[in-house]
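Colleague: Just need the whole structure built from these sequences, with the hints factored in.
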Amino acid sequence: MSKIHVGEQHDDIVYPSALPFALIHLGCAAAFWSGITWQAAVLGIAIYWLRMFAISAGYHRYFSHRSYSTGRLFQFILAALAQSSAQKSILWWAAKHRRHHLHSDSHRDVHSPRHKGFVYSHVGWIFARQHGTTDLVKVADLASFPELRWLHKFEVLPAIALAACCFLVAGWSGLVVGFLWSTVLLYHATFCINSLAHVHGRKRYVTGDDSRNNWLLALLTMGEGWHNNHHAYQSSVRQGFRWWEVDMTFYILKALSLLGIVWNLKVPPEQVRRNQHQLGARVINRAAEQLARRFNPERIALAITSAMHSSELSALPEAINEANSHAADALPGIHLNRMPTRNELLGRAQAMFARTRSLDEIVDRAYHVLLESVASHLAASPHDGPPISRKLLDPFDVPDSTDMTGNGKTPAGQAEAFLVLGGRQLQVLRPYPGGWS
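In case it helps, our numbering puts the sequence shown at residues 11 to 447.
There could be a bad hint or two in this list.
Said to hold, decoys possible - No more than 30 Å apart at the CA atoms, straight line, and that leaves these computed lysine-lysine pairs for DSSO-like: (1) LYS163 to LYS98; (2) LYS264 to LYS276; (3) LYS98 to LYS148.
Since the hints were made in silico from the structure, they are not lab data.
This one's a predicted model, so the numbers in the text were calculated from it and none came from an experiment.
Modeller: Dropping the structure here:
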C-alpha cells in the first residue's frame, strides 16, 4: 500500500483511501464538457443545504452529542442523508468527533491546527492510517442499532444512490454540477469547522482549546460556525446562543419538534449562556497550561541558575541549612525577581481569555504549572551548588493546618510553593487569598 510521510508530527497518508476524494475534486472539471444547466444548478444548491442539515443535525448534534431525541425511522433517514455527503459512516464520524472533544487541541486531538498544522487538520487527518478504523466502544450507543451498523458496512452506498438520482434527473450536468460540485463544497465547509474555526474568529467563552465563533462559517454550515459556543456547552442542540447568531439547523429542529418528529431538545442553562458559570477542572487545567506556555521556563531557570553561580549566592546552601525552619529568610529575593508575579500572569490571562468567574483558579493553576516546569529545567541544568530535586510540592495540596516549613499554622486557603534544593525546601513564592505575595 502506497503512503506518503508528511512529517514526524503527522500520520502516514494512505493513497488508496485518498483516491476517491481526489477523483471527486478532479471530476468537478468535467463541467467544461457537460455544461452547466439551470436544473443542475438548482439541484446542486438544494442537495447542498439538505445534506448540510443532515451533517449538522445528524452527524454532529444527534449522533455525536445526542443533543435531542428522535425515533428510529428519522434517525435512519438522518444517517442515510448524512452519509450521502461521502464523509464516511455515522459510526466513524461520531467516534472521531467524540475523541476530538475529549482531547480538543491537545496532542491527542485528531485534528488540531495548533499541533498538526492547518492543512492536515482541514483534510489530511481523514486519510491517516490510524484514523481509518472506527472505535466502536466510543459509539456503543449507536452501534446497538443494526440499521446503523448496516450503513457503516456500506458507507458509500447512500452517496452512490444520490449521484445516480442526480444523473437521472439532470443528466451529466446533474451528476457533475449537481452532485460533485455540491459534495466538494460540503467537504470544505464541514472541514473548515475543524481547521478555520480553531484559528479565526471570536472566543466568547473559556473552553481550554482554540475553538472560535465565526459568523461566515455559521452561515455556510447552518449554525456550525458558532464553534466556541458549542465547545462551551457541547450537548446543546442550539449553537447560536444569542438571538442574532443565525442557526438554521436549530430553527428546523425546533419546527420538527412542534411536529413531534424530534423531542427533548437540550439548550444551555442561562448561567452558561451569560458566561456566569464555574468552569470544570479539565477546562481550568487546559487554560492554565495555555497561560503557562506564554512564559519561557527554560529562560527563567537559566536566570536563576546564573544567579546561583554569582558570588552573592555562593553561600546559599549553607545559609539554607542555618535558616532551617525559614528557608525563605536565606534568600535575598533574587529568585522571586526571576519569576513572573501573579499580577503579570493575571494581566496576561485577561488579555488571552474571555471573561470568566474561574480566572483566579486558572491563574493560580498556571503558576503551579510554570513552577513545575522551572523546577524540571533547574534539575536538568548543571550548576555548582547542591543537587536540585525535580520534585515540586503542590501548593494546592497543602494541608490547611500547618505550613510547609513546619512552623505553625496557616489559615485555610493559604499555601506555600517550594522547590526542593539540596534536600531542603526552598520557598519561591507564597500565595494568599488576595494574590501571590
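Colleague: Evaluate each hint against the coordinates.
Modeller: Hint check results:
no., hint, in the structure
1, LYS163 to LYS98, "10 Å, holds"
2, LYS264 to LYS276, "11 Å, holds"
3, LYS98 to LYS148, "16 Å, holds"
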